[in-house]
Amino acid sequence: MAAALRAVRRWGLVAAAPPGLAFTRSAFVVKKANNAQPNWLGVGLAFSTSAALWAFLIKEYNEDVMEYERRKQERRHKCTGCS
Amino acid sequence: MVFLPDESRSLPPPPLLNKGSAWLGFAGWMSALIDNAYNQRPIFRAGVHRQVLFATLGWFVGYQLVKRAEYKHAKVDRELFEYIRHHPVDFHAAAG
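Here the protein sequences come in this chain order: A and B. Position one of the first sequence corresponds to residue -16 (the working numbering), numbered consecutively onward. Position one of the second sequence corresponds to residue 213 (the working numbering), numbered consecutively onward.
Chain A extracted, bound-state conformation (with noise of 0.2 Å):
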C-alpha cells in the first residue's frame, strides 16, 4: 500500500474513481467489506438460484429421455427396414 502511494505522487495521477470491475477492492476508495455479517439476501438468492438451475437441469434430462424414447418407438413403427 505504501508502494502503491508513493508511485501515485511520482506519476501525478490521481486516483479519481474506483477501478471499474476489480477482482479485490482498494482501500482507498471502498468501505472494509464485513464478512462477519452474511449478507443474507445475497445468500438466499444463491441458493435459491443454485436450487432453481438443479430443478431446470433434471427436468430437461428427464423430458429429453422421454423424448428420445418417444421418437425411437415411432421410429421404429415407421421404418423397421433401415438401421
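Some clues are possibly wrong.
Stated by the list, open to error - Below, a list of computed lysine-lysine pairs in the DSSO-like style, where the Cα atoms sit at most 27 Å apart:
| # | chain 1 | residue 1 | chain 2 | residue 2 |
| --- | --- | --- | --- | --- |
| 1 | B | K287 | A | K42 |
| 2 | B | K231 | A | K61 |
| 3 | B | K231 | A | K42 |
| 4 | A | K55 | B | K287 |
Said to hold, decoys possible - Not close to chain A: a few residues of chain B, all C-beta gaps over 10 Å, as computed:
| # | residue |
| --- | --- |
| 5 | I255 |
| 6 | A258 |
| 7 | L277 |
| 8 | V288 |
| 9 | V301 |
What the hints contain is simulated information worked out from the structure, not anything from laboratory work. Glycine is no exception: its CB is placed at the ideal position from the N, C-alpha and C atoms.
Starting from the known structure of chain A, arrange chain B on it as the hints suggest.
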C-alpha cells in the same frame, strides 16, 4: 443459429454426470475458492452459497455444451455414413 436444433432430441441425452459438466462444475467451485483466497477469507468454510452457485452454473453450462458437442459429432457421423453408403465402390472391404 440455434444452440440445440430440434433433431438433437432424437439422440439419447448425455448422462447428467459427464466429463464436461463435472469438469466445469469443478472449475466453478475452484473459482469460488480462489475468490475466497484473494479476498482473504477462509478458503473452504467461507461463502458456501457462492461455492454452490458457481459449481451449479459450471455444471449447467458444461451439460449444455456436452449436449451440443454430442449433437455435432452425431451429425458428422451421419454424414460420413451417408457418404459411405452412396459411394460403395470407394469403400470395398479389405479385399481391395
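We went through each hint and held it up to the structure:
1. K287(B) to K42(A): This hinted pair holds, its Cα atoms lying about 25 Å apart.
2. K231(B) to K61(A): violated (35 Å)
3. K231(B) to K42(A): holds (20 Å)
4. K55(A) to K287(B): holds (17 Å)
5. I255: Check passes; 13 Å lies beyond 10 Å.
6. A258: The claim is violated: A258(B) sits with its nearest Cβ about 7 Å from chain A, within 10 Å.
7. L277: holds (13 Å)
8. V288: The claim stands: V288(B) keeps its Cβ more than 10 Å from every Cβ of chain A (closest is about 17 Å).
9. V301: Non-interface label on V301(B) holds, nearest chain A Cβ at 21 Å vs cutoff 10 Å.
The structure is inconsistent with the numbered hints 2, 6, although it conforms to all the rest.
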